[in-house]
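Student: Next come the chains, spelled out residue by residue.
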Amino acid sequence: MILTNPLFWFALLGLGVVVLVVGKKMGLLNNTAFAVGVSVVIAVAYFHIVDHYLMDMQGLDYWYLFRK
Amino acid sequence: MKTLIGGLLGGAIILVLALLSVGILPATSLKLVEGYMPMQMLFELGISVLVFALMSRLLSMGGISLPRFWQGILFWAFILLYLKFRVYPPIPFSVRAMYGTVALIAVFMWMSSNEEDWKKFKQPILNVLDAGTPFHKALRTTYLIALPIILWGYSYNSFLPNLDEPVELRTVHPAPPASTKVHGKTFVLQTSQNPYRVNPEGKYDQEYTNSKIVEQAMGRLLKPEANPWDEKAEGYLKYVREGGEIFFQNCHFCHGDNLNGRGLHAFAFNPIPANFTDPGTIAQLQETFIFWRVAKGGIGLPNEAFPWASVMPPWEQHLTTDEIWKVILFEYWHTGYYPRTWD
Amino acid sequence: MGSVTRKKTLSVIALSAMIGLLLLPIIVAIPALASGGGEPAAGAPPAEAAQKEGAAKIEKARDVYYKTEGIVSGAPAPKTADNAQFYPRYNFESRVLLWFANQQHLYYGSFVLAVPIFCMVIEFIGVVTKDKAMAKKYDQLAYDFIKISLTAYSLTAILGGILIFTFLTLYPAFFGYLSSIFRPVMHIYALMFVAESGTLYIYYYAWDKMKEGLMKWLHLSMSVVLNVIGTLLMFLANSWIGFMMSPAGVDEQGRYLGNIWHVIHTALWNPLNVHRILGNMAFGGGVVAAYAAYRFLSAKNDEERAHYDWMGYIAMALGVAFLIPLPFAGYWLMREVYAYRQQMGITLMGGLLAWLFIIQATMIGILFLSSNYYLWQALGRMRGAERFQKWIKYFVFILVVGFLIFITPHTIVMTPAELKAMGGQQHPVLGNYGVMSAKNGGINVIITTTVLTFIWYMRGNKVPAVSWSKFGNIFMGVFFFFAYVNIIWLAIYGYYIPANVRVGLSVPQVATTLSCLFFMTALNTVMMKGAKQLGPIEWGKISVRSQYALIMLATAFTWMMGLMGYIRSSVRLFWHVNEIMRDNSPWAYTHTVGFGANMISFNVLFFWISIMFVFWLGTLGAKKAPVEAKVPVPGRAPEPAVGH
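Chains as they are written, first to last, in our numbering: chain A, 1 to 68; chain B, 69 to 411; chain C, 412 to 1055.
Errors might be hidden in some of the hints.
[Claimed, not checked] BS3-like cross-link-like pairs, simulated, lysine-lysine; straight-line CA separation at most 25 Å:
1) Lys-70/B x Lys-801/C
2) Lys-187/B x Lys-711/C
3) Lys-291/B x Lys-306/B
[What the hints assert, rightly or not] Partial list, derived from the structure: chain C residues whose beta carbon lies under 8 Å from chain A:
4) Phe-882
5) Asn-897
6) Ile-899
7) Ile-903
8) Ala-922
9) Thr-923
[Unchecked claim] Take a look, some chain A residues computed to stay more than 10 Å from chain C by CB distance:
10) Ile-2
11) Leu-7
12) Gly-14
13) Val-19
14) Met-26
Since the hints were derived computationally from the structure, they do not count as laboratory data.
We treat Cβ as the ideally placed atom computed from N, Cα and C, and that holds for glycine.
Only chain A is shown next, with the shape it has when bound in the complex (with noise of 0.2 Å):
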């Protein structure tokens, strides 16, 4: 699966940051609907980096739920 890759988080990190420069210069940094939907993104995408390698660095697999 797809969501499991720590790579698909990472370039929905990196989308979500390109998107928010994007943004800025095109003026849409207080746009409401813009800025919640790149926060999420980033949000989210951090998050799920974040319990990837944290458990990783531990030599636990974040995903032993969903790899089944």
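Following the hints, complete the assembly by docking chains B and C onto the known chain A.
Tutor: Showing chains B and C alone in chain A's frame:
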């Protein structure tokens, strides 16, 4: 209109709780969904708080506002009643007392969070103390008479003979000794290993055996390639099967055929036998701890496990060391837990 | 002009010489340390040569912990018996006397170790602050801090003396053994004490003389030296308790094997060090905050109230800053305890002492609740903070739910009738709150909420003025929302996966909390640059309840410290030195929870009464100028400390 909606919303919750309290609605009629209970309770409480906040807002928009003081008192009462009548099976008093106290502190923190609210909250109390109006004066006099009577009743009650058994503070997992001697052989608990937890090459291997245990997700499922009752099962799985046979010849009468501590004889004991499917028992212990407990039984418990409330026989008198290790292997396999390790 | 410069140079040189002299004992001691502790090192090579023929005299033994071979160079641990020779006694429980002496020494010791660290930080802030008035204020605050600690310092020394006498009179055999093991570093400890007091006195008395320019920096660096010495002192003291819990550097009979570093560097030494530094800081912050609260409540005018309000706030903020990492340091210590001896860990967490841990959880919860409460009250002194106040009730709800889960016991106290009604040891709903997975969720929710409260506090009277403020606010809200979701999700997820994987979940949980702490406070700071002020912070215009919250905070710290010390000490059960020297006194049993709690309360009460005396002493000296200047209205009774 808004007033009506607000009143209805909050009223519905209060009505349900009231019906539960007086017993018209049995506690079990509102199901606590198996597997989701803890979150359901928190969710219900959270929703209630939101609904009450909304109700208070809508009511005050309609010009009816409940005084701060009563908001606080009633909310606290709500929590107490919720814990007593909503949650089943009944929560022991010690825990309810703890929760109630914390809830009271929470109400205080809420009421005194800013100066204005605090003044509003204090006002009714001060009114009674000042006794400015005849009503308040009467109320003050009533308190003056009622308080000693209540205290008297309380003292009287506490002097009545109590026939309940005393409360026991039991140590569920006493600390094991550093080593234990079974059938003439000394096992150091820190370093000993289950000799049957082996991979096909016959080496001790946690990872391999862990991959063969029962799936423990929603319900327990046998892994297709790991069936101990397969004729051809060898090594680890064969030992699990042998452990299972020993378990069902000796242990299941008390610990239950589902290993949940509810066997045939379980309820003759107080406390009931250990529930292995509970994440708080074998799942958080080292295999050697289980080995020591099984071998030495209730009478082998150390001093600190007072009051030694365990009737488990010392199984070393009935089983060989190998059999004990195999039973343990089976228990972990069946419950889908890993023994605790330190690396 | 020239003479002034010369004077300065001279005094710098004199000062450096002084510091050098103070540090001399340490420097002199280092070679001895490096070679593995005084005597054996000096004596070893010739002894080896001489004993080629009589090899029987050299006995080698194995280190109980490091498993290295070493030359036996000490007597075995004495085997004591219950008699007056090993345990001389008054007609009273010796252990309780020792407990009392030890705990009081520890309270004062940690106080005087923590306060100079605050002093250093605040003085540094004062030096680097550009705003002159503010800088002066900080400097004065640091001076106030050190003034309090000065009296406490001599009390610490006196209590240390009392402690040693108690040891010598009541536990001579044990103390003799311990000091024989630590002989190579015993004098370093004493000399460092001398160095510490010397530095402290110079630091304090030279405060006014060294106010400007280079001298100020020199003064500041003196505080660094002071703290380095203080910290080393504490590390050495920790090595003794570390040795008692997890001995190393000796063989099975307790004979010293000639390597003092092994004796000091035991399995639990470093976790203890970290835990104690953080604990001391939080404790020191709490005590100073309580001092400020006391002065606030007894203040006679607005000016004083404003000053002590501010002081209390700074002390609280410092204390809480160290409180937040404290649970994680505790977690590390616990892990090391488990790794060292499983049964020790079980005795602590699941066995004999588990009930004390429930009490401890309650205390931790109280600490966080009081600090949140203080910050909410503090919103009251800012104009413009009113807009936040109506949301406080939801914060209370979240905090309290986290707290309740955190303190739910795994084994519930109940009558047999309740047990039957429940149908088993575990309650199907509450039983799930009693395990680690839920508790970790609970405490992380509490800490995250505290962070959120703090961010609100920082925003109290300000509105961000940066061009992207709307995005910033939304991002912050979303980030916090998902942080909560992640913490709660991980707590729930833990129930569905096996224990081995589950224990690992606490790390991402903690990381989530820390992410909020670091990223969000940083983001907030950036957003608050050049923010629009809605109104001033009116120092002193804070409710009296907040000050009681500070006192509560400090009391909870003190109580918890006493409790944790008791837990740490009693986990050795009937050992003086774990598995090496047995405690054969009649008091080698574990007290009941009730007795322990009473004893801790007594210690706390005694500490607070005595430190009140110290505070009072501090006010004696300071009163002169301001009070005389203001002639009180004759016949007017002193105003009671009422709020507004």
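Student: None of the hints should be skipped; say for each whether it holds.
Tutor: Verification of the supplied hints:
1. Lys-70/B x Lys-801/C: Holds, at about 21 Å.
2. Lys-187/B x Lys-711/C: holds, 24 Å
3. Lys-291/B x Lys-306/B: holds, 15 Å
4. Phe-882: holds, 4 Å
5. Asn-897: Since chain A brings a Cβ to about 4 Å from Asn-897/C, closer than 8 Å, the hint holds.
6. Ile-899: violated, 12 Å
7. Ile-903: At about 11 Å, which exceeds the 8 Å cut-off, the nearest Cβ of chain A leaves the hint on Ile-903/C violated.
8. Ala-922: holds, 5 Å
9. Thr-923: Holds, about 6 Å.
10. Ile-2: Consistent with the label, Ile-2/A stays out of reach of chain C, its closest Cβ about 20 Å off (over 10 Å).
11. Leu-7: About 18 Å separates Leu-7/A from the closest Cβ of chain C, which puts it past 10 Å; holds.
12. Gly-14: The claim stands: Gly-14/A keeps its Cβ more than 10 Å from every Cβ of chain C (closest is about 17 Å).
13. Val-19: Fine: 12 Å to the nearest Cβ keeps Val-19/A off the interface.
14. Met-26: The assertion about Met-26/A holds, with a minimum of 13 Å to chain C.
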